[in-house]
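*Asks:* Same order as they appear, the protein sequences are chains A and B.
Note that this note's numbering gives residue 71 to position 71 of the first sequence, counting from 1, and the numbers run on in steps of one.
Note that this note's numbering gives residue 288 to position 288 of the second sequence, counting from 1, and the numbers run on in steps of one.
If you are wondering where the hints come from, they were derived from the structure by calculation, not from laboratory data.
Be aware that one or more of the hints could be misleading.
Any copy will do: because identical chains look the same in the list, a pair fits if it lies in one copy or spans two.
[Stated by the list, open to error] For lysine-lysine, the following DSSO-like pairs were computed, each having C-alpha atoms within a straight-line distance of at most 30 Å:
(1) Lys148 with Lys128
(2) Lys148 with Lys313
(3) Lys293 with Lys77
(4) Lys46 with Lys199
All figures in this text were calculated on a predicted structure; none of them were measured in a lab.
2 protein chains.
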Amino acid sequence: MYLGIDLGGTGIKIGMVDESGNIIYSSSCPTRANDGYKVIAEDMAKLIGETLKETNKEVKDIKSIGIGVPGCVDNAKGEVIYTANIDMLHAPLAVELKKYYDLPVYLANDADCAALGEYFALNDESVKNLIAITLGTGVGGGIIIDGKIFAGSNSVAGELGHMVIKSGGEKCGCGRCGCWEAYASATAIIRETKKAIEKNPDSLLAKNAKEEGEVNGKTAFDAAWAGCEVAKKVVDDYFNAIAEGLTNIVNIFQPQAIVIGGGVSRQGDKLLNPIKEHVYKYCYGTGLVDIAKISIAKLGNDAGIVGAAFLGK
Amino acid sequence: MYLGIDLGGTGIKIGMVDESGNIIYSSSCPTRANDGYKVIAEDMAKLIGETLKETNKEVKDIKSIGIGVPGCVDNAKGEVIYTANIDMLHAPLAVELKKYYDLPVYLANDADCAALGEYFALNDESVKNLIAITLGTGVGGGIIIDGKIFAGSNSVAGELGHMVIKSGGEKCGCGRCGCWEAYASATAIIRETKKAIEKNPDSLLAKNAKEEGEVNGKTAFDAAWAGCEVAKKVVDDYFNAIAEGLTNIVNIFQPQAIVIGGGVSRQGDKLLNPIKEHVYKYCYGTGLVDIAKISIAKLGNDAGIVGAAFLGK
Numbered sequence: 001m002y003l004g005i006d007l008g009g010t011g012i013k014i015g016m017v018d019e020s021g022n023i024i025y026s027s028s029c030p031t032r033a034n035d036g037y038k039v040i041a042e043d044m045a046k047l048i049g050e051t052l053k054e055t056n057k058e059v060k061d062i063k064s065i066g067i068g069v070p071g072c073v074d075n076a077k078g079e080v081i082y083t084a085n086i087d088m089l090h091a092p093l094a095v096e097l098k099k100y101y102d103l104p105v106y107l108a109n110d111a112d113c114a115a116l117g118e119y120f121a122l123n124d125e126s127v128k129n130l131i132a133i134t135l136g137t138g139v140g141g142g143i144i145i146d147g148k149i150f151a152g153s154n155s156v157a158g159e160l161g162h163m164v165i166k167s168g169g170e171k172c173g174c175g176r177c178g179c180w181e182a183y184a185s186a187t188a189i190i191r192e193t194k195k196a197i198e199k200n201p202d203s204l205l206a207k208n209a210k211e212e213g214e215v216n217g218k219t220a221f222d223a224a225w226a227g228c229e230v231a232k233k234v235v236d237d238y239f240n241a242i243a244e245g246l247t248n249i250v251n252i253f254q255p256q257a258i259v260i261g262g263g264v265s266r267q268g269d270k271l272l273n274p275i276k277e278h279v280y281k282y283c284y285g286t287g288l289v290d291i292a293k294i295s296i297a298k299l300g301n302d303a304g305i306v307g308a309a310f311l312g313k
Numbered sequence: 001m002y003l004g005i006d007l008g009g010t011g012i013k014i015g016m017v018d019e020s021g022n023i024i025y026s027s028s029c030p031t032r033a034n035d036g037y038k039v040i041a042e043d044m045a046k047l048i049g050e051t052l053k054e055t056n057k058e059v060k061d062i063k064s065i066g067i068g069v070p071g072c073v074d075n076a077k078g079e080v081i082y083t084a085n086i087d088m089l090h091a092p093l094a095v096e097l098k099k100y101y102d103l104p105v106y107l108a109n110d111a112d113c114a115a116l117g118e119y120f121a122l123n124d125e126s127v128k129n130l131i132a133i134t135l136g137t138g139v140g141g142g143i144i145i146d147g148k149i150f151a152g153s154n155s156v157a158g159e160l161g162h163m164v165i166k167s168g169g170e171k172c173g174c175g176r177c178g179c180w181e182a183y184a185s186a187t188a189i190i191r192e193t194k195k196a197i198e199k200n201p202d203s204l205l206a207k208n209a210k211e212e213g214e215v216n217g218k219t220a221f222d223a224a225w226a227g228c229e230v231a232k233k234v235v236d237d238y239f240n241a242i243a244e245g246l247t248n249i250v251n252i253f254q255p256q257a258i259v260i261g262g263g264v265s266r267q268g269d270k271l272l273n274p275i276k277e278h279v280y281k282y283c284y285g286t287g288l289v290d291i292a293k294i295s296i297a298k299l300g301n302d303a304g305i306v307g308a309a310f311l312g313k
């Protein structure tokens, strides 16, 4: 058994994961984000204690604990270098947690954990190199090379959302202009949906949004699939932006597989088909070599816990 | 001793390389590009024979032969899958060459060989992950991870020049629009120099180009360093495009080192300083973790031979 912990800005989620990647028990508690790493470790220890109790397991049944962190880590030192939403700077979180449980404790970036989780979930022996993309509020990325997380020389690699695809374009939260995230995130399609509504107040898109009282990441999709041309244009441009970044990723990494997760991935084949068409048309090597299979992520929100758990596998 | 062969569209270059990466003898012959792989292997074998003779070495003194190919290869099969400029498609070039010399023969992409050569030339034990960029007619890229070429799952990875940085922008030879190559290559600065001359016929840039009778990759630099504002704008935009791609590469790979080669790299610190400023300002992790050192490539045109030779090291 492995314990996987997904540390988020608002909650700490824990899962006990078996050798096959099944979460046999999960639980959570709020993140006391402003109280320092010792308090975070204490809360994690409590969750671990409850998890062992509820599952009738003992410490000796657990091979390792893995923690996914929304930021950068130094796993060798057992230290969280930095997180944006939780008050930690060079915080020895893993060292602290080991004081409660004498088990191997691994740290990794949360998007990297999600990628590792999806890698195991894919369960395809022919796949050793995989890129996982999460299309959510932002665009997250995780790189698996030879079955392991590739985090670069400083654990910060894989910021695929902060690859500029339109130099000089939309401002991104990272300080650059034209990042993939600024075009391929749910936030981006909401922005473009609002713009389209403003320009086309008589469209079905505008009507639907008015009825719903809000614009969300699904508004443009729903109107597009109902036949609204204005919404279709928003969706087409959005898919094009996703595909531009994915084509870059193929040309850079030529992985065997790319998996797409996050809220937008619920569009399924309606998302996959046009994206695949673009990527396979424009990437290097089509017709000469095998090109990455592109699929929807399987684990959804559980990927982070499974991947964190399997850091020690 | 190792033998490195750099197969180009017009010439085949060979070098005998010692353990330290010194080319102790080199030679070349024209590429008979349209006569198939058997003729290429025959010419390579002749070059090897001459090289052994001229250096008073025997086959037993050679550990391996490496060949850098301008295209994609299947090293496991000893096969060139495809090259753009030489008539080879699924051609068992390494298998053929082994008929002449019973030595290990390795194949790799030529840009990947150049990256490996620069990796060894850097000779820095702290560097395990390195990205090499060549700013020439095109923009070439090579990825070194853990001291080895990373060529992805199909040997075609590392096409960093074909990462779109300006979606919908300048047409690229690969079929996409807005590739890094379309903005950061020598070809790109020549295009922009010509545009600037047309718009500013009274500029120093225009005057110089008229006197020289041509526009080349140096024209804008020379006029910019002589104080021409029109040329400075061309150079600034060009450096910005290079830096946008390099910042992407840092955010994606976070390598310990990036080396820049190709004709444009002769601009030295005048190129490096503004690029470093941009990259370190906009990349992820500055101030929190160590960011890649960016330097000018050391080996120049020899990188391909040294890297090919060291495929067997």
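*Asks:* Is it within, between, both or neither when you check Lys46 against Lys199 at 30 Å Cα-Cα?
*Replies:* neither (53 Å within a copy, 70 Å between copies)
*Asks:* Classify it for me, Lys148 with Lys313: is the Cα-Cα distance of at most 30 Å met within a copy, between copies, both or neither?
*Replies:* both (10 Å within a copy, 25 Å between copies)
*Asks:* Checking an output row: Lys148 and Lys128, CA cutoff 30 Å. Within, between, both or neither?
*Replies:* Both, since 8 Å and 16 Å are each at most 30 Å.
*Asks:* As a check of your reading, is Lys293 near Lys77 (CA-CA no more than 30 Å) within one copy, between copies, both or neither?
*Replies:* between (36 Å within a copy, 23 Å between copies)
Checked against the numbered hints given earlier, the structure breaks only hint 4 and satisfies all the rest.
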